[in-house]
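J.: Protein sequence lines correspond, in order, to chains W and D. Just so it is clear: in the first sequence, position 74 is 74 by my numbering, and no numbers are missing. Just so it is clear: in the second sequence, position 90 is 90 by my numbering, and no numbers are missing.
Don't read these hints as lab results, they were simulated from the structure. Fair warning: there could be bad hints in the mix.
Unchecked claim - Mimicking PhoX-like on lysine-lysine, the simulated pairs with C-alpha atoms at most 25 Å apart in a straight line are:
| # | chain 1 | residue 1 | chain 2 | residue 2 |
| --- | --- | --- | --- | --- |
| 1 | W | Lys103 | D | Lys87 |
| 2 | W | Lys87 | D | Lys87 |
| 3 | D | Lys60 | W | Lys103 |
No experiment lies behind these values; they were computed from the predicted model shown.
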Amino acid sequence: MYVIVAGGGKVGYYLAQHLLSEGHEVLLIERNPDRVTEINDVLGAVAIPGDAAEAGTQAAAGAARADVMVAVTGEDEDNLVICQMAKEKFHVARTIARVNNPKNEGLFRMLGVDVTVSQTNYILNLIEQAIPDRSFVHLISFHEDLAIVDAKVSETSAVAHRAIAEIELPVNTTITAIARGASLIVPNPGTELLPGDDIIAIAHQDQEDELRRLLV
Amino acid sequence: MKAVIMGCGRVGARVAGLLDHTGNKVTVIDTDSRAFRRLPAGFGGETIIGTGIDEDILRKAGIEHADAFIAVTNGDNRNIMASQVAKLIFNVPEVVCRIYDPVREDTYRRLGLTTVCPTTTISAIVLDHVMRAESEPDGTRGGAS
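Could you put the whole structure together from the sequences, leaning on the hints where they help?
T.: If you want it as structure tokens, here you go:
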């Protein structure tokens with residue numbers, strides 16, 4: 001696969017290194033010529049200097065035959081335009097943008113970026129999961145707007161000591177597993193929820209708050 | 001009319017001053033508060049510090065009721081992103097985006113943005129003057145070289 005990486009900061013550098021080690025063809029575009037020299041000294045001749053949002057730079061990088069364009073600069077507006085130019089001018093099949101402001105994820109997808117990666121959100125999630133005794137944790141986002149969450153049933157929860165069939169879950173929400181002590185329970189409609197249960201559920205992201213109010 | 005202008009450089013400040021002077025409601029956004037010094041004396045519009053690629057800042061600037069959005073910061077990509085937000089998220093009827101890079105300008109014009117490219121515009125005017133001087137020799141220096 002031919003991958004062009006725009007932005008030679010830490011993310012771009014380690015990404016290029018990783019892709020190379022997996023046997024992909026990689027070219028990195030970096031604005032700062034000194035940084036290009038640094039990268040090429042370590043990784044071999046993989047980086048070229050230039051403004052990745054410019055069509056001329058993308059053409060020189062061989063965007064026309066690239067399978068993927070990954071834009072990982074520190075500026076959201078640059079990442080957006082790099083991906084849009086790659087798509088519009090060079091018909092790159094898959095564009096991936098790093099999103100620094102988590103609020104921009106939806107916008108980028110609406111504007112044609114295929115995949116968005118929000119470092120800020122990932123780090124927030126990891127930190128949230130690492131804090132003990134959290135009653136409701138968003139574990140992961142996937143498929144655009146779905147989420148897997150972990151909710152702990154409290155003593156005072158409205159669903160404690162009730163069977164799953166009796167609970168009115170938000171639409172399209174599924175309880176996929178219950179972690180009770182050391183055992184993992186695959187739930188059926190008759191399974192009773194007990195205080196202390198960890199409920200693993202799949203829900204739409206905009207229903208997370210509703211689910212939190214219901215379960216916790 | 002209500003206009004939101006992003007970027008209070010020479011162009012932004014001048015357009016803001018002219019629109020304000022002719023009785024329009026104007027809000028100017030810039031990341032640097034010192035930029036607002038460029039606004040003419042007696043400017044009656046609003047100023048907001050922040051970046052126009054942030055939806056919250058645009059809302060604060062009244063983008064939801066704006067008839068026009070003008071993106072004239074010195075960053076092409078910032079102008080492009082903010083213009084797309086104004087047009088597609090806030091449905092502003094008239095969005096004008098300055099893009100210095102002619103290829104980028106061409107691409108986003110095709111994608112439906114109303115764009116202004118100073119590079120091509122000024123080059124055309126300059127060339128026009130040069131060509132005219134060549135075809136209408138005056139005085140002692142005649143003919144094309």
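J.: Check each numbered hint against the structure and report the violated ones by number, ascending.
T.: none
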